[in-house]
Amino acid sequence: MSTTKLNVLPPSHDEIEDAGRRAFLRAAAAGTALAGLSGCAGLDMDDFLQKHFRELSPDELKKVLAKVERRNKETWGRDTTVSATGPREGVEFGYGLDISRCIGCRRCVYACVQENNQSREKPQIHWITVLQMEKDHGVDLAHADAYYDSATVPQPGKFYFPVQCQQCRNPPCVKACPTQATWKEKDGIVVIDYDWCIGCRCCMSACPYGARHFNFATPKLPAEELNPHQHLLGNRPRPKGIVEKCTFCIQRSREGRYTACVEVCPVGARKFGNLLDPESEIRKVMETKRVFVFKQELATHPQFYYFYAT
Amino acid sequence: MRPRIAVLASLGILALQATPARANEPAAKPAPAAKKALEKQVQANSPPFSDGIFPCSGCHDPKAKVDLTHRRLQFHDEQQDVLKHGPERWCLDCHDAQNRDVLRSAAGASIAFTESYRLCGQCHGDKLRDWKVGIHGKRTGMWDGDKTYFLCVNCHNPHTPAWKGVSDKVVDGKRVVSPTMELITPEPRPRRPEEMRQ
Chain L
1 MSTTKLNVLP PSHDEIEDAG RRAFLRAAAA GTALAGLSGC AGLDMDDFLQ
51 KHFRELSPDE LKKVLAKVER RNKETWGRDT TVSATGPREG VEFGYGLDIS
101 RCIGCRRCVY ACVQENNQSR EKPQIHWITV LQMEKDHGVD LAHADAYYDS
151 ATVPQPGKFY FPVQCQQCRN PPCVKACPTQ ATWKEKDGIV VIDYDWCIGC
201 RCCMSACPYG ARHFNFATPK LPAEELNPHQ HLLGNRPRPK GIVEKCTFCI
251 QRSREGRYTA CVEVCPVGAR KFGNLLDPES EIRKVMETKR VFVFKQELAT
301 HPQFYYFYAT
Chain P
1001 MRPRIAVLAS LGILALQATP ARANEPAAKP APAAKKALEK QVQANSPPFS
1051 DGIFPCSGCH DPKAKVDLTH RRLQFHDEQQ DVLKHGPERW CLDCHDAQNR
1101 DVLRSAAGAS IAFTESYRLC GQCHGDKLRD WKVGIHGKRT GMWDGDKTYF
1151 LCVNCHNPHT PAWKGVSDKV VDGKRVVSPT MELITPEPRP RRPEEMRQ
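Note that the protein sequences, when read in sequence, are chains L and P. Numbered according to my numbering, the first sequence spans residues 1 to 310. Numbered according to my numbering, the second sequence spans residues 1001 to 1198.
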């Protein structure tokens, strides 16, 4: 879908009535904020007045994309393309992870970091956490270790359980966000408008999967490692004080490509596709294998499925 | 369809007289309809040959007389030393005796190296079934379009198929993998929170 056909929610009745009041408040706030903003590095009036992603008109969206590209150029000295490709009709993403195959090599973790421009060190942000678990205990977080460090994998008696954003159909993080900066898109991806995130971290405490991560300090990302192929709601570099998480590589998946973690997995444990397509890999997995979701008892209804192919 | 496959299989075995131990296995040659569906679905890639090993006819003269006796050869130690693929298996169970540039099914059909999954699927039918729909194995590219299918032999050394590890390899301009004999070393563990404090 082109950027001009984004799904912009129609304004609600309240919003229309509020329009005048909000315009007044904006103008008033702008006046008082101008002085304050002059002290904020890199921010200007546009940032302060920028609408929520879903309220942006196509023209405004173009300006926002151009602004992000310009900032990228200023910060990293590199040309980038930032898109805002919307969800496709008839597509609902599903992800499958074969627990009987995963060997815990963490290739996915670092492929994700490279693809999605996470901060490398201090803070080190990984959207995927691989848990080493005991075969004797099964999927049990009381016997899980995210910091395992062995010369080779897999270790005898262990299995490996990667956890990332489960793209819940009933996402607790979305309910917790006080600014509606995070929401679920039509294709199932839970996204964050980084410009509207206030960094309160309510979503992090709401998420039962530990899938959301906070930039406690300014992200550290070497210019030569910047992935220039970016999505506004996905892997564009985030500022300090913002929450981020897995977006099923929105910049790739919405173009029809596999996610970075799927492409790098050396054992082919990761499956990705359209849940509405009966011929897709993920549908075949769900029809023929033993499939479960993580923390089913919480009724988050993930679009991320674990399965045993053997 | 089932009786026909059985007839095909027994014909193949009769013609060969080579592998009586495998007479009970399903026929290698898929029925025409099944084969058509397979070809439509699978874009065969070249397998990750060792450097300089293919074409095999570079050394093995297709016209030379072949001794079909099950024995240890004086060459190809690199394969024979690691051969651990079921009991009593040897080269000519899978490699064609005359034309070494192709493989040979239990029923005697020639199978190109790019379609080696058909050979593997003779015994590992459940895995072939899963592989064809994308459950077993790996694909890269587009979830809704062109994909690179990894063959069985991209991840499993056919001579010693238990999975140990893989290393990156470029074949025909495509980034694929080839099997290794060593277990994989994991990437560094994540930092603990206390290690990230300034």
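By construction, these hints were calculated from the structure, which means they are not laboratory data. What you are looking at is a predicted structure, and each value in this text was computed from that prediction instead of being measured. For glycine and all other residues, C-beta sits at the position ideal for the given N, C-alpha and C. Don't take every hint at face value.
To be verified - Subject to a maximum C-alpha distance of 16 Å in a straight line, what follows is the list of computed EDC-like cross-link-like pairs (lysine to aspartate or glutamate):
no. : chain 1 : residue 1 : chain 2 : residue 2
1   : L       : K67       : L       : D47
2   : L       : K284      : P       : D1144
3   : L       : K284      : L       : E297
4   : L       : K67       : L       : D46
5   : L       : K284      : P       : D1101
6   : L       : K289      : P       : E1078
7   : L       : K63       : L       : E255
8   : L       : K122      : P       : E1195
9   : P       : K1063     : P       : D1093
10  : L       : K289      : P       : E1195
11  : P       : K1147     : L       : E287
12  : L       : K284      : P       : D1126
13  : P       : K1132     : L       : E287
14  : L       : K73       : L       : E224
15  : P       : K1147     : L       : E279
16  : P       : K1132     : L       : D46
17  : L       : K67       : L       : E255
18  : L       : K184      : L       : E279
19  : L       : K122      : P       : D1130
To be verified - Here are some, though not all, of the chain L residues that point toward chain P, as calculated from beta-carbon distances under 10 Å:
no. : residue
20  : V68
21  : R71
22  : G104
23  : K122
24  : Q124
25  : C202
What the hints assert, rightly or not - In silico negatives: residues of chain P with every beta carbon more than 12 Å from chain L:
no. : residue
26  : N1045
27  : F1054
28  : C1056
29  : G1058
30  : D1061
31  : Q1074
32  : A1097
33  : T1180
Status of each hint after checking the structure:
1. Simply put, K67 (chain L) and D47 (chain L) have alpha-carbon atoms about 10 Å apart, close enough for the 16 Å limit, and the pair holds.
2. For a cut-off of 16 Å, the pair hint linking K284 (chain L) to D1144 (chain P) stands: about 15 Å separates their Cα positions.
3. For the hint pairing K284 (chain L) with E297 (chain L), the CA-to-CA distance comes to about 25 Å; that exceeds 16 Å, so the pair is violated.
4. A hinted pair counts as satisfied when its Cα atoms are at most 16 Å apart, and K67 (chain L) with D46 (chain L) qualifies at roughly 9 Å.
5. Note on K284 (chain L) and D1101 (chain P): the hinted pairing is violated, with a Cα-Cα distance of about 35 Å set against a maximum of 16 Å.
6. This hinted pair does not check out: K289 (chain L) and E1078 (chain P) have alpha carbons roughly 37 Å apart, beyond 16 Å.
7. At roughly 22 Å between alpha-carbon atoms, K63 (chain L) and E255 (chain L) are farther apart than 16 Å, so this suggested pair is violated.
8. For the proposed pair K122 (chain L) and E1195 (chain P), the alpha carbon gap of about 9 Å is at most 16 Å, so the pair holds.
9. A hinted pair counts as satisfied when its Cα atoms are at most 16 Å apart, and K1063 (chain P) with D1093 (chain P) does not qualify at roughly 19 Å.
10. Between K289 (chain L) and E1195 (chain P) the alpha-carbon distance is near 40 Å, which puts this suggested pair outside the 16 Å criterion.
11. With a C-alpha separation of about 22 Å, the suggested pair K1147 (chain P) and E287 (chain L) falls outside the 16 Å cut-off, and the hint is violated.
12. Taken as a hint, the K284 (chain L) and D1126 (chain P) pair is honoured in the structure, with Cα atoms around 14 Å apart against an allowance of 16 Å.
13. Pair hint K1132 (chain P) plus E287 (chain L) holds up; C-alpha atoms about 15 Å apart against a cutoff of 16 Å.
14. Among the hinted pairs, K73 (chain L) with E224 (chain L) is consistent with the structure: their alpha-carbon atoms are about 12 Å apart, no more than 16 Å.
15. For the proposed pair K1147 (chain P) and E279 (chain L), the alpha carbon gap of about 14 Å is at most 16 Å, so the pair holds.
16. This hinted pair does not check out: K1132 (chain P) and D46 (chain L) have alpha carbons roughly 52 Å apart, beyond 16 Å.
17. Between the alpha carbons of K67 (chain L) and E255 (chain L) the distance comes to roughly 22 Å, so the proposed pair goes past 16 Å and is violated.
18. With a C-alpha separation of about 25 Å, the suggested pairing of K184 (chain L) with E279 (chain L) is violated against the 16 Å cut-off.
19. Proposed proximity of K122 (chain L) and D1130 (chain P) is contradicted: the alpha carbons are some 43 Å apart, above 16 Å.
20. Because the smallest distance between the Cβ of V68 (chain L) and any Cβ of chain P comes to about 26 Å, over 10 Å, the interface hint for this residue is violated.
21. Taken as an interface hint, R71 (chain L) does not check out: its beta carbon lies about 25 Å from the nearest beta carbon of chain P, beyond 10 Å.
22. A least Cβ separation of about 6 Å between G104 (chain L) and chain P falls short of the 10 Å threshold, and the interface hint therefore holds.
23. Interface hint at K122 (chain L): satisfied, since its Cβ lies 5 Å from the closest Cβ of chain P, which is below the 10 Å cut-off.
24. With a cut of 10 Å, the hint placing Q124 (chain L) at the interface with chain P holds, because the nearest CB-to-CB distance is about 5 Å.
25. Residue-level restraint check for C202 (chain L) is violated (minimum Cβ-Cβ distance to chain P is 19 Å; threshold 10 Å).
26. With a minimum CB-CB distance of about 15 Å to chain L, N1045 (chain P) clears the 12 Å threshold, and the non-interface call stands.
27. Taking the minimum C-beta to C-beta distance to chain L, about 24 Å, the non-interface status of F1054 (chain P) holds against the 12 Å cut.
28. Once the 12 Å rule is applied to beta carbons, C1056 (chain P) is consistent with being away from chain L; the minimum gap is 28 Å.
29. The Cβ of G1058 (chain P) sits about 31 Å from the closest Cβ of chain L, beyond the 12 Å cut-off, so the non-interface label holds.
30. Listed as outside the interface, D1061 (chain P) is consistent with that label: its C-beta sits roughly 38 Å from the nearest C-beta of chain L, beyond the 12 Å cut-off.
31. In this structure Q1074 (chain P) is separated from chain L by more than 12 Å, as the shortest Cβ-Cβ distance comes to about 34 Å.
32. Distance check on A1097 (chain P): its Cβ is at least 33 Å (rounded) from any Cβ of chain L, clearing the 12 Å threshold; non-interface status holds.
33. Annotated as non-interface, T1180 (chain P) brings its C-beta within 12 Å of a C-beta of chain L; the closest such distance is 10 Å.
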